[in-house]
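Visitor: This is what each chain is made of:
Number of protein chains: 2
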Amino acid sequence: MSQLFKRLSSTINIKPLPSKTHLHRVLPDSSFPAGYALTGLHAGVKKKSGVLDLAIIISTSKHPTSAAACFTRNAFKAAPVVVSDEILSRNGGRARGLVVNSGCANAVTGRQGLEDAWAMVNETDKLLPHSTSSQSHNTLVMSTGVIGQRLPIQSIIKGIQSQASADSTLASDFAAWERAAKAFMTTDTFPKLRSRSFEIRGTKYRIAGMDKGAGMIHPNMGPASTLHATLLGCILTDAAISPPSLQNALTYAMDRSFNCISVDGEMSTNDTVLVLANGAAAPDQVEIDEVTDKEGFEIFKRELTAFAAELAQLVVRDGEGATKFVTVNVKGAPTYEDAHRIASRISTSALVKTALYGEDANWGRVLSATGSVPLSGLDPQKVSVSFLPSDGSAALPVLVNGEPENVDEGRAKEILSLEDFGICVELGAGMEEATYWTCDFSYEYVRINGDYRS
Amino acid sequence: MSQLFKRLSSTINIKPLPSKTHLHRVLPDSSFPAGYALTGLHAGVKKKSGVLDLAIIISTSKHPTSAAACFTRNAFKAAPVVVSDEILSRNGGRARGLVVNSGCANAVTGRQGLEDAWAMVNETDKLLPHSTSSQSHNTLVMSTGVIGQRLPIQSIIKGIQSQASADSTLASDFAAWERAAKAFMTTDTFPKLRSRSFEIRGTKYRIAGMDKGAGMIHPNMGPASTLHATLLGCILTDAAISPPSLQNALTYAMDRSFNCISVDGEMSTNDTVLVLANGAAAPDQVEIDEVTDKEGFEIFKRELTAFAAELAQLVVRDGEGATKFVTVNVKGAPTYEDAHRIASRISTSALVKTALYGEDANWGRVLSATGSVPLSGLDPQKVSVSFLPSDGSAALPVLVNGEPENVDEGRAKEILSLEDFGICVELGAGMEEATYWTCDFSYEYVRINGDYRS
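Protein sequences appear in the order of chains A and X.
Under the working numbering, residue 466 is the last one in the first sequence; the count climbs by one each step, no gaps.
Under the working numbering, residue 466 is the last one in the second sequence; the count climbs by one each step, no gaps.
It is possible that some hints are incorrect.
In silico DSS-like pairs for lysine-lysine, Cα to Cα no more than 25 Å straight-line [stated by the list, open to error]:
#, chain 1, residue 1, chain 2, residue 2
1, A, Lys59, X, Lys59
2, A, Lys425, X, Lys59
3, A, Lys306, A, Lys32
4, A, Lys74, A, Lys32
Calculated from the model, a selection of chain X residues having no Cβ within reach of chain A, i.e. all distances over 12 Å [stated by the list, open to error]:
#, residue
5, Phe88
6, Ala131
7, His142
8, Ile169
9, Ala406
10, Glu456
The set of hints was computed from the structure by calculation and includes no laboratory data.
Since this is a predicted model, take the numbers as computed values, not measurements.
For glycine and all other residues, C-beta sits at the position ideal for the given N, C-alpha and C.
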């Protein structure tokens, strides 16, 4: 550049990032669903030796395994999204294997990218128990990482083949689940692995799963749709549920979990959340179906939704450069969609997010973001805004019925210096509400994304 | 916070910001339109002594002065927006004065805010020549700065009154125009003042104006609408044009200038661009009107659009923390609205903008942003992306008909290290195109907005 430069002030106050490692959980082996074998290994997609970049998950259950997925709605679907979508619809919602690589998204890679994704599927199919020589594919595939670069497919194939040998590390203990979760990671700072159990009519089921962020996170996923993003999630349960009911439960859960988070407002080409249900907890039971077993289905749907929300929130807590975890609650909207749209807008506002980073109770930015969403019939004199501390102390109203409060700035600073807090916007225009989870926008976000590829 | 911290790497490579001061222009007195007196002064809205924070602009022309404006579409209109809108409609598009303060937006200030805005209007009305004691108001008002705080109205009134005395600094030379432009500034690093001349049938007219950014910039303005933002612009000409034609010309120009820029994707509560046309260049001429003088109107509209684009681009060049000026061109869309929506999405993507800051040719992010906008009938195999250098050298295709090129990374780095360059996306889905101007997302943006109020 042929221009004069002035040095940026060297006194930039860079706030230390809170460590996220305490969010990594060691879980008892018994907390995981039965009938799954997993591993994570270094196949060589990532340059650094030893870093896990390939996860393999297979259902070993004798019961048929149902599979459902929600994919990104981005117009440029990555190859693994296209392939997984096709397999799911060919198989009528059945699949028993999953292969995942991190480090390269296999997105916008043309015909070669599709061939590579199919090669991963074919090779993993061979690891499945009761494998036959039929032409049908039973493995789904996910990829995350840089867009527009080809996979090192030979290294990946070798990695998959290594699991067919005596050296296979496929196992069912915590260490195996953790390896798989680690192989999902890109800029994540800890492996996101959780488990949960629930009962339906006295039978105990388990659900466990893993996901990864940490940037390009503002998913908008639906069943077999036309979008894409860099959020990957995988949920595994030993309950038995019919494929259509599993898909309906997942779609419901997505709208109340992964579709309510934002790190940076970006919807990726690869976003996929999938769920497998292998019936291994009680192999002789018939599958839950929402038509024939409404009660069982409702319990399953509720548990899946709560678990998906837990996994989704982990992504926000580990958002690129995040130092805050902020719950945005929009109430009093005419419809859920209106509330969701406004909560989304607040959660993605660069000005709101930099103010959160600066611990500045700049509620004017919250209001400005709210008002930028067209909503007919909104009366500014009925709108209220408050900050909600997470420590159980009293909420702080900053705007009440359109009139600014005389805010105690010391108290505001106290709330905003917490790692967790909430923002509540009451629109006074209806009865519906929506909740979004977001994080702040920091120097570290710029650093991570200013030079991601190098 | 009760948590462990790890220090952020101290090796963050903070790129020096390019100085913007070379964009400040000293203009000849003769380049400004006739019949305007202006000044800028320190009224005390901003704490720092001597910093200009109040601009006063009055038309001294004997010809009636037409006025037109486009206001933000934010639901929470600031008081000055409500008041100016009301005056313009009461007066049928006539106004001769303008008072502007920076440092406080007078937004979300309830009933008191409206009273304060009216008080500014009343006091400035007294400065207008040929002022009568009639009840009608002839002054428009704009404010920019922090939301939710009251104006120090007594200080502002005293500032306006000072211009009624012998000490008045109202004048017509460059220094007076510059003072006014400086009083518009908030986080702007230079006063944005430009002028231009044009001819209609042998008569020479002048047009001059000023505007300010530099954050909360993603305007969406229309005539007498329901929104708001922190972009203020004021365009003054000595041409004579009827009020409805002036409004139509401004609305047309806005859609091709201020409504095509983004600094941070934020639409504010105060965004206003207004234009005054006082006929002082040729006081005896009749006003241009699009019905009776199509030729004159078309020339005026074209000149106003070009001038508005020049002013709008200055805001992007001085965007908060900006080190790049990037022209985003989306071609081959079914409609102009589709092209505009996609160009806007690319221009506001945090991942695209941090990559621009990092001079990283991460075109996958451009494509991902493109694909996140729903567009029926888009065929990924017809989409192409290229980077366009501003130095006249060859464009660099990175994606051609859906297939990634084997990109020369050295050449890509060369283009992205320029301060000015372009991104072109060809959709292959129609004949329409749109252009957007945006900047990058830097550490400095986070610094400025992480603690704006202190």
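Visitor: All hints are to be evaluated individually against the structure, with a verdict given for each.
Guide: A quick look at each hint next to the structure:
no.	hint	in the structure
1	A:Lys59 <-> X:Lys59	violated, 54 Å
2	A:Lys425 <-> X:Lys59	holds, 22 Å
3	A:Lys306 <-> A:Lys32	violated, 40 Å
4	A:Lys74 <-> A:Lys32	violated, 39 Å
5	Phe88	violated, 4 Å
6	Ala131	holds, 19 Å
7	His142	holds, 37 Å
8	Ile169	holds, 22 Å
9	Ala406	holds, 20 Å
10	Glu456	violated, 6 Å
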